[in-house]
Amino acid sequence: MDLAGHQLPSGSVRLEPYQNWLLHDAFYAEPRSEPHPVAAFVLANRGIGISLKDLFALFGSDIDDGPLLAESAIELHRPLAEDADYEVRGTIESVESRRSRRIGPFDRITCRFDLFEAGDLAATVTNVFAVPRPEAGP
Amino acid sequence: MTGLPAWKLDRVDPGHMKVLALLLADPNPIHLDAAAAQRLGVADRPVNQGPSTMALAANMVLAAFPGARLTSLRTRLLGLVLAEDRIEGGGDVTGREIVDGQERIRCQVYLEAPGRGRVLDGEAVLVLPAADRNT
Chain A
36 MDLAGHQLPS GSVRLEPYQN WLLHDAFYAE PRSEPHPVAA FVLANRGIGI
86 SLKDLFALFG SDIDDGPLLA ESAIELHRPL AEDADYEVRG TIESVESRRS
136 RRIGPFDRIT CRFDLFEAGD LAATVTNVFA VPRPEAGP
Chain B
294 MTGLPAWKLD RVDPGHMKVL ALLLADPNPI HLDAAAAQRL GVADRPVNQG
344 PSTMALAANM VLAAFPGARL TSLRTRLLGL VLAEDRIEGG GDVTGREIVD
394 GQERIRCQVY LEAPGRGRVL DGEAVLVLPA ADRNT
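Sequence order for the protein chains is A and B.
Positions 36 to 173 (my numbering) are the ones given, in order, by the first sequence.
Positions 294 to 428 (my numbering) are the ones given, in order, by the second sequence.
Read the hints as simulated data drawn from the structure, not as lab findings.
Computed from a prediction, not measured in an experiment: that's the story for all the values here.
Backbone N, C-alpha and C define an ideal beta-carbon position, used for all residues, glycine too.
Hints are not guaranteed to be accurate.
Just the calculated beta-carbon pair ranges, DEER-fashion [said to hold, decoys possible]:
{"no.": "1", "chain 1": "B", "residue 1": "A299", "chain 2": "A", "residue 2": "T126", "range": "21 to 31 Å"}
{"no.": "2", "chain 1": "A", "residue 1": "R143", "chain 2": "B", "residue 2": "G334", "range": "31 to 41 Å"}
{"no.": "3", "chain 1": "B", "residue 1": "R379", "chain 2": "A", "residue 2": "E51", "range": "25 to 35 Å"}
{"no.": "4", "chain 1": "A", "residue 1": "P52", "chain 2": "B", "residue 2": "G408", "range": "15 to 25 Å"}
{"no.": "5", "chain 1": "A", "residue 1": "E131", "chain 2": "B", "residue 2": "G410", "range": "23 to 33 Å"}
{"no.": "6", "chain 1": "A", "residue 1": "L38", "chain 2": "B", "residue 2": "A318", "range": "17 to 27 Å"}
{"no.": "7", "chain 1": "A", "residue 1": "D155", "chain 2": "B", "residue 2": "G334", "range": "23 to 33 Å"}
{"no.": "8", "chain 1": "B", "residue 1": "G388", "chain 2": "A", "residue 2": "Y53", "range": "35 to 45 Å"}
{"no.": "9", "chain 1": "B", "residue 1": "A356", "chain 2": "A", "residue 2": "S132", "range": "38 to 48 Å"}
{"no.": "10", "chain 1": "B", "residue 1": "P320", "chain 2": "A", "residue 2": "H41", "range": "14 to 24 Å"}
{"no.": "11", "chain 1": "B", "residue 1": "A356", "chain 2": "A", "residue 2": "G154", "range": "32 to 42 Å"}
{"no.": "12", "chain 1": "A", "residue 1": "R134", "chain 2": "B", "residue 2": "V392", "range": "33 to 43 Å"}
Starting from the given sequences, assemble the full structure and let the hints guide the process.
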């Protein structure tokens with residue numbers, strides 16, 4: 036399947052106040068009512084309508100193989116809010132085949148997630164995953 | 294260019310990774326279980342989640358500009374951050390501009406795990422609170 040351009044199923048998410056507190060603490064930040072800026076990443080991950088395990092299965096990979104995030108960009112178009120409902124839409128933007136000395140052949144897969152609050156774009160999270168593509172044996 | 298104040302986190306706590314795994318709904322075992330990280334040949338300790346390492350960079354720039362709002366954080370994750378690591382960071386202010394009457398600061402940032410080198414680099418953009426203008 037050609038993954039580039041693939042629309043991921045949309046979904047929704049809310050950051051409950053207790054989750055906001057725990058997230059600040061987990062991020063080594065003083066808890067406060069305004070969510071931590073990197074909460075956008077968490078909301079994108081939780082709100083998209085596909086689990087991380089199924090997303091990696093779509094990539095032809097396995098979450099249990101310990102895949103790693105290579106790059107991430109968060110753009111906050113407005114401050115995030117706790118107890119607000121976010122609709123999350125996602126797209127696989129590109130797939131590039133690369134090779135590195137450390138992991139050998141891999142696909143660099145870029146996914147974009149848009150978070151909407153009350154119909155307005157609140158944040159965009161763009162994640163790049165390096166998915167190893169082991170070469171077939173002789 | 295103006296340097297950011299030196300910043301550090303004394304200890305990466307594996308307990309924080311477990312809470313974050315629940316909040317992220319991330320079942321990747323390398324964040325939970327040292328044995329899984331070892332079995333996969335990744336590390337001998339649990340591996341900090343990428344967004345947690347990004348959060349450290351955000352904490353660093355927000356500590357440098359109290360009251361500012363982070364509007365953009367673009368990062369490359371260059372190396373693993375592991376449980377019990379000490380993390381140090383720094384960076385430079387590379388630009389200042391006024392947009393819609395608000396002062397925006399652009400910073401290049403980095404984080405290092407002493408002894409293993411750089412684990413993150415990137416760029417952050419912050420909007421300063423009105424009271425900080427011209428200071």
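Does the structure break any of the earlier hints, and which numbers would those be? The structure conflicts with hints 1, 2, 4, 7, although it agrees with all the remaining ones.
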